[in-house]
Amino acid sequence: MTAEASDVPVAATPQVAVNRAGRFLFWAGIGLLVLWVLVPIWFLFVNALSAPAEVTGFPKRFWPSFDLASVQFFWNFQGVTAALWNSVKVAVLTMILAIGMGAPAGYALSRFDFPGKEFFRVLVIMTRAFPLPLLALPLAVMFIRTGLDDTVLGLALVHAMLALPFAVLITFSLFSGIPVELEEAAWTLGCTRLQAFTKVVLPLALPGIMASAVFAFVISWNEVFAAAVLTIENRTLTAFLLQSLNVSPLPLKFAGGAALVLPALIFIFAVRKYLFAMWGIANR
Amino acid sequence: MAEIVIKGVAKQFGAFTALHSVDLTIHDQEFMVLLGASGCGKTTLLRIIAGLETPSQGEVWIGGRRVDHLPPRARGIAMVFQNYAVFPHLTVFENIAFGLRMAKLPQAEVTRRVTRTAELMHIEQLLKRYSGELSGGQRQRVAVARALAMEPDVILMDEPLSNLDALLRLEMRAELKGVLAASKTTTIYVTHDQVEAMSLADRISVMNGGFIVQADKPTQVYRNPAARFVGSFIGNPPMNFLPAKRGENGRWHVAGKDFDGPDVAAAEFAIRPEDMHPAKAGLEAEVRVVEPLGPHTLVTAQVAGQPFRAVLESDRAISPGEVITLAPIPDRIRWFDPETQEAIA
Ligand SMILES: Nc1ncnc2c1ncn2[C@@H]1O[C@H](COP(=O)(O)OP(=O)(O)O)[C@@H](O)[C@H]1O
Ligand SMILES: [Mg+2]
Chain C
1 MTAEASDVPV AATPQVAVNR AGRFLFWAGI GLLVLWVLVP IWFLFVNALS APAEVTGFPK
61 RFWPSFDLAS VQFFWNFQGV TAALWNSVKV AVLTMILAIG MGAPAGYALS RFDFPGKEFF
121 RVLVIMTRAF PLPLLALPLA VMFIRTGLDD TVLGLALVHA MLALPFAVLI TFSLFSGIPV
181 ELEEAAWTLG CTRLQAFTKV VLPLALPGIM ASAVFAFVIS WNEVFAAAVL TIENRTLTAF
241 LLQSLNVSPL PLKFAGGAAL VLPALIFIFA VRKYLFAMWG IANR
Chain S
1 MAEIVIKGVA KQFGAFTALH SVDLTIHDQE FMVLLGASGC GKTTLLRIIA GLETPSQGEV
61 WIGGRRVDHL PPRARGIAMV FQNYAVFPHL TVFENIAFGL RMAKLPQAEV TRRVTRTAEL
121 MHIEQLLKRY SGELSGGQRQ RVAVARALAM EPDVILMDEP LSNLDALLRL EMRAELKGVL
181 AASKTTTIYV THDQVEAMSL ADRISVMNGG FIVQADKPTQ VYRNPAARFV GSFIGNPPMN
241 FLPAKRGENG RWHVAGKDFD GPDVAAAEFA IRPEDMHPAK AGLEAEVRVV EPLGPHTLVT
301 AQVAGQPFRA VLESDRAISP GEVITLAPIP DRIRWFDPET QEAIA
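Heads up: the protein sequence lines correspond to chains C and S, in order.
At position 138 of the first sequence (counting the first as 1) the number is 138 in the working numbering, and the numbers step up by one without a gap.
At position 30 of the second sequence (counting the first as 1) the number is 30 in the working numbering, and the numbers step up by one without a gap.
Hints are all accurate, no fakes.
As a list, the in silico DSSO-like pairs of lysine-lysine whose alpha-carbon atoms are at most 30 Å apart: (1) S:217 to S:184; (2) C:273 to S:128; (3) C:199 to S:104.
Hints listed in this document are in silico derivations from the structure and should not be mistaken for laboratory results.
In this text, all values refer to a predicted model and were calculated from it rather than measured experimentally.
Next up, chain C with everything else stripped away, as it sits in the complex (with noise of 0.2 Å):
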């Protein structure tokens, strides 16, 4: 920001009025979006973090009373384990499958030319425009028949496919970056292909790998709809939270979505910056 507009005298030129009323505008803009995603993470945390009488109170503390029995609570009610293990179980199936399939995509498409690849680039973004709702039943049908469902790869199978363009998207602006010099540097100088891969563009991609690694674990770990349609013994904790929505108290509910939310936000504000960087934005 400039510093021309704070010492100007208020009745000033209408230019000076509108770059003021413009800067406003930003701000307020920039404040809402703010207050927009951390507010419910407040909430969120405040609840989870405060004793179960405090929950339903009014007005609410700023900082919550580091009781807790609302976790407490949360932690030894019926089902809420399993469930955490089977949430972290496919999550971690989602990431290796999203990874293992998502990677090679990535580095074939930022290395080779082959016919049809700009189709493929959108048909892998087309993937995500089918809506899971429309899917869900007919996967549901085909998992049963084929044994998979209610089981952790057939619902990790599923969170791989949601994850995967992200994972063959974000890999590939990350190929893309290594100049392909280095690795045939490394094929004159006595590797093979894959000795080249392994030796040169491996490890300057690894911290982008696991970022798009996270991301498709936080994708698998948030998403519900998949979840609840596909699981019934072994319900992640996203399902298990909706199926006893109705019958579970208010502080379990904070608690369930604390214990949600904790995780995707550490993981994303540790790669936030490949994420900035699968957007386009710019920030080295």
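Model the placement of chain S with the ligands on the given structure of chain C, informed by the hints.
Chain S with the ligands alone, transformed into the frame defined by chain C:
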């Protein structure tokens, strides 16, 4: 022994032909420069020799072995890239050691070779640094050291000095020449800079539009261009060309003067700017621009309506608008076929 033989190599990118059938032999331990304007196919040819690009047709032989089906690692070559391609995640030491480790040399030998090449390239102080902590010139030294450490039969270099500033380029040029001559490798060096080519090469291959137009010693390429293109590309300022007409007496009329020439139907007259001197009789040149360069004076003139340049002794005062008479040195006159553009012997 690493003689390189290129037989009928051609390369198409889709409908575009980057290399027409190229034949070239590079002798063992020779320093061959591929010289040509940007886009003429130098890099493509070099990459085909390295195995980074597959030729559409033709064969590549290195050291008596046909290699065009082999991957780069099996060809006994090392390459220095235009942007150096120093691995950013490895120290300078590990960069130079990279190929040696791939070859599974014992640690003592790796250390010995890295130390020796680092000393040779004057980067022994930098061995612990990463490429992000190096200047362009230092990176370039690392790239050369990495190639030399392999003790390859063949070193391929793609415009290795083009990203350096002028002063550093001059310094590195002299250094490279010494180092590569001592290493006894066969070198192929790509550049678009004719001064670089002249100063480094045992032989120069002049390329144009996907063809090798002439491959010969620098002085030969300069004195006896095999084609009009070579004369107009090499030399600063380049060769002058004037239309010529065969007279009844068998001599050639050039800008109103008679010259002895070849016994053919049509020819074009050519002379280098420095191969003329002011005289009583000769080509009449109407001076347009005079540029004193110290030891010489560059005169841009018009002869028979054609632009014409002469590099003259600086002891004589010449001014624009003046008409001077320039006598070409008879045995420096060259003739080209206007149809084929090739030199007439
Ligand atoms: N991978 C490629 N695909 C299509 N055209 C290419 C490719 N590589 C090079 N070319 C074209 O081939 C010609 C020769 O390129 P190059 O060998 O790089 O020239 P130079 O190194 O002499 O400047 C250029 O016109 C270039 O555009
Ligand atoms: Mg080039």
